[in-house]
Each structure stands twice: as C-alpha cells, then as structure tokens.
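Sequences are here, hints too, so could you generate the full structure?
Protein chains in written order, with numbering that gives the first Met the number 0: chain A, 0 to 158; chain B, 0 to 291; chain C, 0 to 772.
Simulated from the structure, these hints should not be mistaken for laboratory data. Just so you know, not all the hints are guaranteed correct.
One side only, chain A facing chain C, incomplete, derived with CB under 8 Å [said to hold, decoys possible]:
no., residue
1, Gly40
2, Cys46
3, Gly70
4, Thr72
5, Arg74
6, Thr75
7, Leu85
8, Gln89
9, Ala94
10, His96
11, Gln99
12, Cys103
13, Thr104
14, Leu130
15, Arg136
For clarity, every value in this text was computed on a predicted model and none was experimentally measured. Built from N, CA and C at the ideal position, the CB exists for glycine as well.
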Amino acid sequence: MAEHEVELTVDGEAASVAVEPRTLLVHAIRDQLGVTAPKIGCETGKCGACTVTLDGTLVKSCMLLAVQAEGGTVRTAAGMADGDELHPIQQAFRATHGLQCGYCTPGMLLAAERLLADQPNPSRAEIRSALKGNICRCTGYQHIVDAIERAAADAGGAP
Amino acid sequence: MYPAPFAYERPTSLGEAITALAADDARVLAGGHSLLTAVKSRATTPGTLVDVSELPSLAGVDRDDDGLWIGAASTYAALLADERVATVVPMLADALASIGDPQIRNRGTVGGNLVQADLGADLPPVALVADAVLTIHDEAGEHQREISDLYGEEVGADHEPAAGLGTSALLTGVEFPASDATGSAYVRRTHPATGYATVGVAARLWLDGDMIEELRLGATGLCRRPIRLTAVESAVRGQSIEDAASLATAHAPADVTSVDVHDDPNVSGSFRRTILGTVTAAAIDRASGVDE
Amino acid sequence: MSSAAALERRDVDNEHVGRRVERREDDAYLRASATYTDDIRHDGTVQLAFVRSSHAHATVDEIDVGPALAIDGVVAAYTWADIADSPSPGVLPIRTGSLERNVPGHPVLAIDRVRYHGQPVAAVVATGPYIAADAVDAVSVTYTPKTPVLDPVTAPDEDAPNVHDGVPDNVIARTGRGDPTATDRAFDCADHVTSITLENNRLIPNALEPRVAQARYDTVRDRFTVELASQSVHGHRRKLAETLGVPSRKLRVIAPSVGGGFGHKGHHHPGEAMAAWAARDLGRPVKWTATRRENYLEGAHGRDHHTEAAIALAADGRIRGLRVDTIANVGAYGLGGSAAMSGWYGSLLSSEYAIPAIHCATRGVFTNTCPIHSYRGAGRPEAIYVTERLVDAAAHELGFDPVTIRRHNLIPSDAFPYETAIGTTYDSGNYEPALDRALDGIEYDRLREAGRNRADGRLRGVGVACYTESTGGGHESAVVRLEPDGHVDVAVGTHSHGQGHETTYAQLVADVMERPLANVSVNEGDTTATPTGTGTFGSRSAVVGGNAVVSCAETVLDDARSLAADILGVDAVTLSYREGHFAADDESISLADLAARSYAWNAPDGVEPGFRTATSYAPDGTAYTFGTHAVEVAIEPDTGALDIVRYVAVDDCGRRINPTLVEGQVHGGVAQGLGQARSERTVYDESGRLATDRMLAYALPRSIDVPRIETEHTVTPAPGNELGVKGIGEAGTIAAPPALVNAVVDALADRGVRHVDMPVTDECIHQTIQSSD
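Given below as structure tokens:
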C-alpha cells in the first residue's frame, strides 16, 4: 500500500513520518519517531498503557491510525517534566509510591493530568472512574489514587 | 495487533465520501473504536477505510423545537460537554456517560456506536426508544430513515455494520425528536471484561401524577440488536409508578422468550435474562426522577 | 560482627531501614525514560513472529511456508525441520527429578503434532512486525484434528485420549506427602468430618508488559546476547543454553526494565529461544514481541487445581486431621519444574493451625491446554485456599463462629520452630495478635451483631482467612565494592520487576556503611555484572538478596577497617567508624581515601581493589510470613451484585525494610487475589480453543473493581536470617481468595450455602442463591 507522509508534533518536536495506512499511531510514535513513552500492553484498547494526548484530548494511541493524527500535536508522558523538575503529578506519584513496574505509569500520568485539569478536586470514586481505561497489575490502584488525591491537594484543589 | 494492509481515503466532501465508499470492502472510519479493534485482530479486513473526520457538518449539535440534531461524527465526550443533550434527552446523556472510559469517550462517535451496534452498545436502545431519525447519504442523495429500519431483524455478522444501512451509505446525523415525556433514563450493568453493557435499558416515561400513562423501553446486551420491551411496557401502562419495579421484573422475561440471548465466557445468556427485569426497574425508577 | 548486630545497633537511629524512603528508580519511570526490552533499538533488527496452532490437539500434516517467503520483506521462515537440522536441541528443558516418567519438553516449534491451541508451529522473520504478521497469515498448515483432553479431572480415566504417547493415563507426577496412616486414624477417631470439593481456578498472568526478547549473535566470538523481559537472567541463561545447546558462557542475558512478572517472566518460553536461534541463523539482531493475545495463548497459565479435601475434628472444634487429594492441571507440556509443582503445594496445608495429621496426594496431569507454571504464590494460594475454606465450612457445620474455630486451633506462639504434620518447619509465628488486629480492623463483633440481613435488603457477610507463606528459598549472589571515590557499587543476582530493589538494597547498604543513599548504586539483571545468581520470585529477594548485600557490605567495611588500621598504625578494634570515616584518637581517614588507596598500584598485599566482596548467601531455613485478612461484603439478592464494603489486611513479614513498599506489595497482591476470586475466568471452548484470549474477554480487575485495602502489620522477625526479614510479594494473592469466598459463603449461610467456586461473579452468586432457595 502507498505510504502517506504524516506531519506530527510529538512533545514539542515537529516531525514527518512515512507510514502505511495501517500503521497504528503508537507504532509511528515508538518505532519511527523513537519516543517510547507510550507502551503497548493489550492491542484491544483496554489497558491504556499507550495513552497520549492528541491535540489536548486523551486517547489510546493503539486505537488510532497514524494517518488519522495527520497534523496533530501529540503529548506523551515524556513531555510532562519541565527539564529537571518533575511535573507535580509525577512528584505526587513518587511521593505516594504510585508505581511499581512503571509500565502503566505513562498512561496513568496523562489520565491523571487530564482528570485534574477537568476536575481539580475529585473524590476517590471519581479518580477511580477516571482511571477505568488504564489497567495496572502491580499497585492495586490504591497508591495511584493516593497520588492523584495528593496532586490535587498540592495544587490547592482539596481542603 | 497488526492490521492487514488497506487503502485509506480522507474525503473532504460528501460526494467524495460516497464515491470512496463504493469501493469494494470499503468501510467508514469515524472514531474507529469498534472497527479498529476488529481490524487489528484481522477479524475484519476492509479494502479501504474512508475517514470521515474532515467532512463538513458531520459533528455538532443543533436544537430546535423539533428536537435535537446530532452530527454522526460527534464524540461521546463532546456531547457530554453539551448541556442541551442532557436537557433534551436525559437518557442519551446517561448512556453516553456510561460508555467505556475517558479515552474511549474522547474518540468514539454516535454514528459509529449506532451503526456498528456492538453487543451491549449503549446508544442503540436509546435511539430506539427515542424514535430517532437517521440522516443517510448514499449514491441516491440524502434521505431520512427510521432507527428501527437500521436494526430490522438482523444486524449482520460480528464486526459488520448494521445490515439496515446498506453498503456505501453514510450516516451523517441523528435527530432525536422532541418529546413531551415526563422523564427518561438509561441504566446498565457493566460487563466485567468487555466494558460494554451486560444489559442496559433505556426508559422514557409519561406520568400523570403517580400513574404511568405511557412507557417506552429499549434494551441492549441481549443480542446484536437493541430490542423494545413491549411486554413490560404494556404491563406497566396505566399502573402506579410504585408498582413499576415489580411489574418490570415480572414481565421482562416475556420480552426475551423468543430472543437468542448471547452467551459469553463471562456472562451467560440466562443471567442476562435474569437481570433484565432489575435493570429495567432501575431505569424506570431513574426515569421517574429525571425530568425531560 | 553479624549483619543483625550492625543494623540492630543502629535501630534507634537507622537512617534508611524501616523508613518510608521514596524510590530512587522512579525518576526514570516517571519521565518514561526507563528502557524496557521493546524500547531498545539495534540497527538491522528483524522481527520474528510465530504461526500458531488453531487446534487444541492435531497432527501437523503439512506446512507450506512458500507463500510467506514470497512476501516482500520476509527474511526467513522456519519449521521444526530447520531446528532439527541445527546443532540446537530446540526443546525447552524440563526438570524431571521428581517426575514419574521421562516426557518430552516443549519444542520451540511443533514436531508433527500440536498439543494446545496457540502452540508455535512455524516461525517467520521479516523486516518489521507488520510484514511478519502478514507472513504468519500466509503460511498454510494442514492439520488432522485429534480429540483433545480438556478436563483435568477425567484426564486420568482409562478412556481419555493421551496428550503424550508415553503417558497412557496423562499423569506426569504423583506425590504423597504427610502420613496417610496417622491421617486415617485421625479421621477414624473424629467426632466430625467436613468434606469439600473445590476448584482453584485457572488464571492467565497478565503482566502489563507482554513477553519480549531481542537476540544478537556475535559470529566472531560465537556468543549470544539476549535482552528479555526476565525475572531471572541467570535462570534464563541456564535454560536458554540448554535449548540452544550451547554452554552458558556463550550467553549474556540482560533484563532491562521489566513491566511486571508475577512468576510468568521467570519461565522459559519458546519466544526467546527462537529469537536467539534465528539471530545465529541469520547473523542479524532478531526481535520477538508477544502480542497480548499470544501472551494469553502461550504464556504459561497458573493455578487450575481440582481438590477433594476433608477435615476431621473433635466435638470441641479441635482439628484432628486433614486429607487432601488434588488433581493439578499441568497443561500440554511441563515447563522447567512446572510438572513437579503439584508436589510442592502441600507444604502450607497446615496454614496457621496445629493439625496433628495431614496427608496430601496430588496428581499432575497433562491436558491439551497451555502449559501451567507458577503464578504469584505458586502453590501457596492453592494450599491455603483448601484449608481456609475447609475450616470455615467446618465451623458452619459445627455451629462455631469461624473465628472461634480458628483461634482454637492456632499454633501457639511458644511452639516455634513448629514442624507441621506435612513436614515443613515454620520458623516463627505469633498468630493471635495479627488475627485480633484484623478482627478489630473489620469490626468483626459489630458485624456479627448486626447480622446478615440489613434494612437495605442486601445480605452482609464477613470473611476471615489466616495464612502462612514460605519465603526466601535458595541462595543469592551479591558483589559489593567501593569505587575509587568511595561510591558503593552493589550487584545482585535478583531482578526487580517493580519491587523497588534499587531502593531497598540501597537502604540496607547505606545503613551498614553509614553512607547517604546517593552514594550507593544497585545493579541487577545482567549476567555479566553478576556472574551468578538466582532471581526474583517466590517472595525471596529481601530475604536472600537483602542479606547477601548486607553481608558483603559488612565485609567491605571490615576490609576497609583493616587497611585504615594499617595506615593509621593502630589496632583495628580501636577504630571507630562514623559516616564514612574511621577514626582513632585524633587521626581519621575517609572511606573514599581508603577506596582510592585500594586501587593504587602499590596497594598493600591482600587488599582487593575497592575491597570487592562477593558472596552467595542462603538463609537458615525458610522464613514464614503470616497474617490475617478480613473482608466485609454486601450482596444484592436479586442480581447477585456484590460489593466489597471493606478489606483489612494484617501481615507480618518480620522486619520491614521500607513500609511503603511493603504496603504496595500487599495492595497489588490483594488486587490480584481478588481478581482470581471475583472475575478472572479462563475458558477453553468445547474444541479446546481458548475463548478468553483477549483483555476484552478475560476480566482483569480495573480501578473501579478493587476496594480500598486497609493495611496493618505485626512484626515477628525471622530467626533464620540476620536481618529478620520475610517476603511479602505473594501474601495478598494467598489470603484474598479464601477471605472473599468465606465472606460470600457467610453472607449466604442462612440459605444453606456451604461453598461457591471462584470466580465468584455476580452471576455465580445469583445462581447460588437461586439454587438454595
């Protein structure tokens, strides 16, 4: 099949990749642009390890074709820190042990960031609901929920 | 994980889209959240995917006295953010909120949900109860179809779009006609593995005081098309809202006696039948408290 | 000076051990810059993919790889004939020590016959994964289906077909543990006997990172380098060496960051072997990445025990004997020691109770299903589940409260070390305080008073499970040395795949050496960095690895002290040591200075550069973790919908190196245990095809499914290792299933329900209620 040139900006870097129509966005980002922050965990859109934002919207990058992201701006968890300074949500994950093997973490971080942007002071139930699309096999989710609650509090959202 | 090759078209006009869809094994790609799962597993191998994301006026909401018009490519998230949806069709807002997870709600579209009509999809029963009217474009131009046409007797094989649509046709919009109902709601039990509804019921209710004047019910999760629960509807008509729950539980089995209810490794058909009454009762109860 | 002394002396002012130190490895994970195997890119890499059996049981009549080879970008296609023509055996080694018969191991590609759905039949190699997938589709295989053996319980029957020709009854291992005569006598004299038939449901491990390997072959040096998602690089090196038919020294195995393991990534699978084999054949780097579906089809499954058991009691509720007969599904092939696993499982059948007579008979049986191996807990959850269910059932039958009967039978705290009737020796225990804390935590008395039927129409139940867990087996290697600037370099043979060893080992070493954490580096997961080692599984790393690094660090410090004494001209015992400085009177010398001197060309005789110390540590016996978990549930009778209202976990893993990480292990273990108890169901259809082959069909716990887990602890140090630590990685997977099932059965007890099998789904509960009414 003919290849398509796709323009993408990933974590601030503009790039052009030649892809087949069937190439999934996650493969274009990982294998062609070398940004390995989004992980591949399932293939059925269930696990959320490949979560990125596309033009500000939280998406699973294995559930889009690269050609569908043409001209889009992708942000991965690798783009969250400000140089040496971790993003406050990343800091909260570290402070509460919100990760073990780290494989779900890039997706969890972005899901958390999106949640707090929409809802600065979520309840624990709301946090759990916002993480429905991200599977973690290590933490039992508890320290992840703690991390997001803490990040909200640190940002002044919670009492 | 790795789709088989296919061609990709991104038309910018309806005419181009209809032409592209005339190709062999062409499929509409909107949010892709039903289609791409099947394409990735190679359970379906389309020849061409026709991406409708750049077609004009396929997304958006319009409200007038006649009802609520929704562009077929509107995402669930976009609709949830639009207050008019919950105001005009509360059961639609309920259904949208119960779909998948934030990432899926950001990409999945109303048109895809209705046309793909996966087992346990949340929107088909809502559209059925609302008597939604579909705007369809094909080689013959634009025309309107009743939602019930889409779900005729059969919906088509797994991963295939609803049979009633016809090939090379494009759903461009859905009209939810204005209703004078008292309230409506959608309630589901979530499948532990798929995340779709194990059973979901949409209810629209007309009340006169405590008396149920009229009730329309649609259910999903039982088979690959949404079904109306007419036995419950007639049993409840004219009865007190207080008695609705027990009547729903008693009569729901009659609505699925002739239905070949889906079995899967996690949930049996018989359990789906079992909880249908309870979910229906919950939907009626919720509808009685949600003003339309 | 022993390690215990080193750290005990510092108990009051331990800088790091016992504290909630933040993980040092997290920065890389949070930045998503940690490298997992699939993230590595080597120039010229080609992708390997498998053609897999679409049948559970069939002969392979013909394989045509021609159409695959015709695809542009396809580099090679292999069948067993290619392996047979090579110097490699190509069969995954099976440990046969305790097995009845010699049976063939798992061939990397099928030899004339396939024995489970998803078994690799052929392999293709292409320039990328998409083309490799096209090539897989293009290979045509002709099969003649045979009747599959799917039910392990009837597999030994005479009329059952045979999975392997040399095993007419499909039984690969038969073991008997404990004393059958004493057990018979106990049952003969019993006032009451409670029997139960139960299934420990088959699970599919789902580490979020699928299995993956990248192999390179150096044609000049005839050496392989294999990077893979592994819990045990040394284990994988040994097994890969056998499969490839090369000496271990020809293999370097590296495990980069590993995205979860749970036992599954300690096992040797065809993927890494085939990648290495193809790398040598092609002279190019070869990568193999399992898709999730492949992980479901062919990554070793877990559990799948079918048990008939009975417990004999005196009228006062005292347990007299326990008799267990288990059929353990092995799947189609033994992998490593998997076939022998069914024999190990009896070890914990005594749980926390003084049971005078136990007998456990097991049969490991072949079926035409994916091979089964150890999955988080590995025999322990299966054993504890049997006993904890039986004790509950007996209590209900005799009219005792389940807690009363437990308390009545607990091994008293002064009885340790305690040899159980099955022959295991529990090193230590103090069970009642943990039980009490769990009961206080869940408010057991209040729940009992409030009863099962509540105003909201839901049925309430409370379940309690006590458990013991054997942790810290085998030996572990460590190497500690100072770099010339005094920085401490630690290498260990374990491998963290989420446990946080970079932090916990550093906490230990930093305290022994009185250095800041930043001055300690921890390296794992490379057979070159640690020439020997065992790996991370079975809740062993803190116990065995932790003591190994501490022992090395102390020797390093002692050797540095000797050099300091020489330099300062004083007796070593007169030297004080504080925070990196040895001092005597008014003279002092720093560790960094000593380290630099140890590397100098004129270093004194007998001084190792960096005081490099290597050790292989083995604890004195097994460390037994224990505890009690309690759970409250509410059930909607009309639909069976179950809500876990509260979950309390009280665990005793001895001394806790990092309480936060301990709690993280408990949370994760409980979540997986609840996954087994509530939702995870593995289904092969009638033809033997795996029906639950995707995350959309196999119900893993999501964020909304797992309750908040309230953790508490007691501390009973392990006497058999200097640090007094015990493992905690598997506790939750052991305790949660019986606690939850006990709670559900308790909620339904008024309706005469005595048992429900896992997974206890809403449907299962509803059905149980229906059939009891």
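Are any of the numbered hints broken by this structure? If so, which, sorted upward?
3, 4, 5
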